[in-house]
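> Based on the sequences and whatever the hints tell you, model everything.
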Amino acid sequence: MAESRSIFQFKQFQLAHGNPGLKISTEACLFGAWIPISNSLQTLDIGTGCGLLAHMLCQKSPDLRVDALEIIPEVAELAQQNVEQSPFKEHIRVFQGDIKTLHVGQPYDLIICNPPFFSNHLAATDSSKQAAIHADHLSPDDLAQAIHHHLTELGHFAVLYPPHEMGIFLQAAEKRGLFANQIAHIIPKPGAKVLRQMLWGSRQKMDISVEQIHIRDEQGNYYLDFQELLKPYYLIFP
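Numbering (the working numbering), first residue to last: 1 to 238.
If you are wondering where the hints come from, they were derived from the structure by calculation, not from laboratory data. Bear in mind that the values here come from a model prediction, so they are computed numbers and not experimental data. Among the clues, some could well be false.
Taking lysine-lysine and the DSSO-like style, the derived pairs with C-alpha atoms no more than 27 Å apart in a straight line are [to be verified]:
| no. | residue 1 | residue 2 |
| --- | --- | --- |
| 1 | 205 | 175 |
| 2 | 60 | 231 |
| 3 | 193 | 23 |
| 4 | 231 | 205 |
| 5 | 189 | 175 |
| 6 | 100 | 23 |
| 7 | 11 | 60 |
| 8 | 231 | 89 |
| 9 | 175 | 100 |
| 10 | 23 | 175 |
| 11 | 11 | 23 |
| 12 | 60 | 89 |
Computed Cβ-Cβ distance ranges for the label pairs, DEER-style [said to hold, decoys possible]:
| no. | residue 1 | residue 2 | range |
| --- | --- | --- | --- |
| 13 | 238 | 171 | 41 to 49 Å |
| 14 | 174 | 154 | 27 to 35 Å |
| 15 | 205 | 107 | 13 to 21 Å |
| 16 | 162 | 107 | 26 to 34 Å |
| 17 | 227 | 191 | 15 to 23 Å |
Positions of the beta carbon are idealized from the N, C-alpha and C atoms, including for glycine.
Structure below.
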């Protein structure tokens, strides 16, 4: 059964999400808030979905320009509709297509991706959801190759994966001269396993900075670190 579409209201923008595509997740919002912006004027968002990461990064930097790529036509249309209603509509361009066949005139300063990862998941009943959560069309190796091909020499990339898939991606990336510079472990609550890993990388090999970000404490309240990251975006954090 397909998910219904709903509106996620942020402080400076709102996004329609779900049906088509997946709904906005907490870890995706945390990822967007965590990504640093430093001289990253030309940005590529691979698999933009509803346009979440593109919007979050544009809020951080008024000079940012984002090419938001989405392979599923219906989801790309949803992203375009969101952009048309957005205060950042002059900064985001939505493209429908496959990163493996994308041709652009110049490389990007920053490439971001919250990729599909359920490579062994059972088939979903909704075709849009299936395409959104299956990694068949964008494996970790495919993503590493795309970043290698489209990233400037001094550019950076940011990727969100579960730990197992992140390990596969890192192996593929290092074979292409792409290295992790920072890794943040997303942990739902104290004592829980790592849910996702956020990676910030470049073509420069250096010591890796590692941190942990907990979402909630034992009482179910949001951790202060989580609140500080999401405060510019979430209405619940004044």
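> Check whether the Cα positions of residue 11 and residue 60 lie no farther apart than 27 Å.
Holds, at about 12 Å.
> Within a Cα-Cα threshold of 27 Å, do residue 205 and residue 175 meet the stated pairing?
holds, 12 Å
> For the pair supplied as a hint, residue 175 and residue 100, is the alpha-carbon distance within the 27 Å limit?
holds, 18 Å
> Hey, residue 11 versus residue 23, does the alpha-carbon distance stay inside 27 Å?
holds, 18 Å
> Decide if the proposed pair is consistent with the structure: residue 231 and residue 205, CA atoms, cutoff 27 Å inclusive.
violated, 32 Å
> Given the range 41 to 49 Å, decide if the beta-carbon distance of residue 238 to residue 171 lies inside it.
For residue 171 against residue 238, whose Cβ atoms are near 43 Å apart, the range 41 to 49 Å holds.
> For the pair supplied as a hint, residue 231 and residue 89, is the alpha-carbon distance within the 27 Å limit?
Since the Cα atoms of residue 231 and residue 89 sit roughly 22 Å apart, the hinted pair holds (cutoff 27 Å).
> Run the distance test for residue 100 versus residue 23: straight-line Cα separation, threshold 27 Å.
holds, 25 Å
> Using the beta carbons of residue 174 and residue 154, state whether their distance is inside 27 to 35 Å or not.
Roughly 18 Å apart at Cβ, these two residues miss the hinted range, so it is violated.
> Take a quick look at whether residue 23 and residue 175 sit within 27 Å of each other, Cα to Cα.
violated, 33 Å
> Between residue 193 and residue 23, does the CA-CA distance stay at or below 27 Å?
Holds. Residue 193 to residue 23 sits at ~23 Å (cutoff 27 Å).
> Assuming the hint says 13 to 21 Å, is it satisfied by the Cβ distance from residue 205 to residue 107 or not?
holds, 19 Å
Hint violations for this structure: numbers 4, 5, 10 and 14, all remaining hints satisfied.
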